[in-house]
Amino acid sequence: MADVAAHYDDLELNIVEGKMQYLFDEDGRRYLDAFGGIATVCCGHCHPDVVEAIVNQAKRIQHSTVLYLNHAIADFAEALASKMPGDLKVVFFTNSGTEANELALMIARLYTGCNDIISLRNGYHGNAAGTMGATAQSNWKFNVVQTEVRAFFDVHDQEGSHPGGIHLEMTGQNVTECIGGSRTVTFDDLSDRYHTHCDPRLNASQSLELAFIIAERLRKRRMRSGLYNSLPLPPLAF
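Residue numbers (UniProt numbering): 1 to 238.
These aren't lab readings, by the way, just hints derived from the structure by calculation. Do not rely on the hints blindly, as some may be mistaken.
Unchecked claim - Below, a list of computed lysine to aspartate or glutamate pairs in the DMTMM-like style, where the Cα atoms sit at most 25 angstroms apart:
1. Lys19 with Asp33
2. Lys83 with Glu99
3. Lys19 with Glu52
4. Lys89 with Glu102
5. Lys220 with Asp157
6. Lys59 with Glu78
7. Lys59 with Asp25
8. Lys220 with Glu209
9. Lys89 with Glu78
10. Lys220 with Asp154
11. Lys89 with Asp75
12. Lys59 with Asp49
13. Lys83 with Asp33
14. Lys59 with Asp75
15. Lys19 with Asp49
16. Lys89 with Glu99
17. Lys83 with Glu102
18. Lys220 with Glu159
19. Lys220 with Glu102
20. Lys83 with Glu52
As the list claims (entries may be wrong) - Pairwise CB distance ranges (calculated):
21. Gln62 with Glu12: 37 to 47 angstroms
22. Gly165 with Arg30: 50 to 60 angstroms
23. Thr65 with Gly113: 47 to 57 angstroms
24. Arg30 with Ile118: 37 to 47 angstroms
25. Phe152 with Glu78: 55 to 65 angstroms
26. Lys220 with Ile107: 47 to 57 angstroms
27. Phe76 with Ile15: 38 to 48 angstroms
28. Tyr22 with Ile107: 38 to 48 angstroms
29. Gly165 with Gly36: 44 to 54 angstroms
Using N, Cα and C, we set each Cβ at its ideal position, and we do this for glycine too.
Could you build the full structure based on these sequences and the hints that come with them?
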């Protein structure tokens, strides 16, 4: 195993088979599978006991609505509940971590009667409506700021007007408000209490995206106005 990839998304593998701790691509090359994802870890591939259990269940019934009972689901729920501490004996199956977290948010709100949710900075909780609201990462949220900037240029294009500029920076008090709380925030606090540390609307990746959006819209304006056509072409010879 001489080849090790630092970033698994750079491999672009086409996996066709798995056996024990190994994966095999379409060319027959073998890889040691040490992948661990969000709440997942590889425990091996094609274990005979697991394969036998899947085949036996597929021979009985493959799918049915949750409106009906099925002994396999009940047996699994009882086995799972027996491993839980205290009075955690109720099992509700979902299809993904996103659904599980959405359900947890709804149960917490129904039980407490409080709708406020506190989540950790840079935490990921899912990509559905509720969990996206609790996720503090811009790449897992709707592009709110980018959409506003595009709409800003669209209005000027429709009206034939020219924007004088876009100012996205807010005052010190505004950008620190979310972590300032009741404590007064001074300029000396901006290094460790600045809003960009926790607000995905203002982080570095979206700043670059905004810059590219503005540059692209300005380029298209120049092309429509013929400014690019008036520029002299460079000579063909050196």
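Hints, verified against the model:
For the given pair, lysine 19 sits about 10 angstroms from aspartate 33 by alpha-carbon distance, which is consistent with the 25 angstroms threshold. Between lysine 83 and glutamate 99 the alpha-carbon distance is near 22 angstroms, which keeps this suggested pair within the 25 angstroms criterion. Taken as a hint, the lysine 19 and glutamate 52 pair is honoured in the structure, with Cα atoms around 15 angstroms apart against an allowance of 25 angstroms. With a C-alpha separation of about 20 angstroms, the suggested pair lysine 89 and glutamate 102 falls inside the 25 angstroms cut-off, and the hint holds.
Annotation: proposed proximity of lysine 220 to aspartate 157 holds, straight-line Cα distance about 11 angstroms (limit 25 angstroms). This hinted pair checks out: lysine 59 and glutamate 78 have alpha carbons roughly 23 angstroms apart, not beyond 25 angstroms. This hinted pair does not check out: lysine 59 and aspartate 25 have alpha carbons roughly 30 angstroms apart, beyond 25 angstroms. Simply put, lysine 220 and glutamate 209 have alpha-carbon atoms about 17 angstroms apart, close enough for the 25 angstroms limit, and the pair holds.
Under the criterion of a C-alpha separation no larger than 25 angstroms, the hint pairing lysine 89 with glutamate 78 is consistent with the structure, at around 8 angstroms. Note on lysine 220 and aspartate 154: the hinted pairing holds, with a Cα-Cα distance of about 12 angstroms set against a maximum of 25 angstroms. Between lysine 89 and aspartate 75 the alpha-carbon distance is near 13 angstroms, which keeps this suggested pair within the 25 angstroms criterion. A hinted pair counts as satisfied when its Cα atoms are at most 25 angstroms apart, and lysine 59 with aspartate 49 qualifies at roughly 16 angstroms.
Under the criterion of a C-alpha separation no larger than 25 angstroms, the hint pairing lysine 83 with aspartate 33 is inconsistent with the structure, at around 28 angstroms. Between lysine 59 and aspartate 75, the direct Cα distance comes to roughly 18 angstroms. Compliance with the 25 angstroms bound is thereby established for this hinted pair. For the hint pairing lysine 19 with aspartate 49, the CA-to-CA distance comes to about 13 angstroms; that is within 25 angstroms, so the pair holds. Restraint check for lysine 89 and glutamate 99: the C-alpha separation of about 19 angstroms stays at or below 25 angstroms, so the hint holds.
Our distance criterion of 25 angstroms between C-alpha atoms is met by lysine 83 and glutamate 102, whose separation comes to about 23 angstroms. Taking the CA atoms of lysine 220 and glutamate 159, the gap is near 16 angstroms; set against the 25 angstroms cutoff, the hint holds. The straight-line distance between the Cα atoms of lysine 220 and glutamate 102 is roughly 42 angstroms, outside the 25 angstroms bound, and the hint therefore fails. Among the hinted pairs, lysine 83 with glutamate 52 is consistent with the structure: their alpha-carbon atoms are about 24 angstroms apart, no more than 25 angstroms.
Checked against the given bound of 37 to 47 angstroms, the beta carbons of glutamine 62 and glutamate 12, roughly 32 angstroms apart, lie outside it. Judged by the Cβ atoms, the range 50 to 60 angstroms given for glycine 165 and arginine 30 holds: they are separated by roughly 57 angstroms. The supplied range of 47 to 57 angstroms is broken by threonine 65 and glycine 113, whose beta-carbon atoms lie about 32 angstroms from each other. Separation of arginine 30 from isoleucine 118 is about 46 angstroms and conforms to the stated range, judged on CB atoms against 37 to 47 angstroms.
A hinted range of 55 to 65 angstroms for the beta carbons of phenylalanine 152 and glutamate 78 is consistent with their spacing of about 58 angstroms. Checked against the hint of 47 to 57 angstroms, the C-beta distance between lysine 220 and isoleucine 107 comes to roughly 49 angstroms, which is consistent with it. For phenylalanine 76 paired with isoleucine 15, a C-beta distance near 28 angstroms fails the hint of 38 to 48 angstroms. In this structure, tyrosine 22 and isoleucine 107 meet the distance hint of 38 to 48 angstroms, their C-beta atoms being roughly 41 angstroms apart.
Between glycine 165 and glycine 36 the beta carbons are some 47 angstroms apart, a value that agrees with the proposed interval 44 to 54 angstroms.
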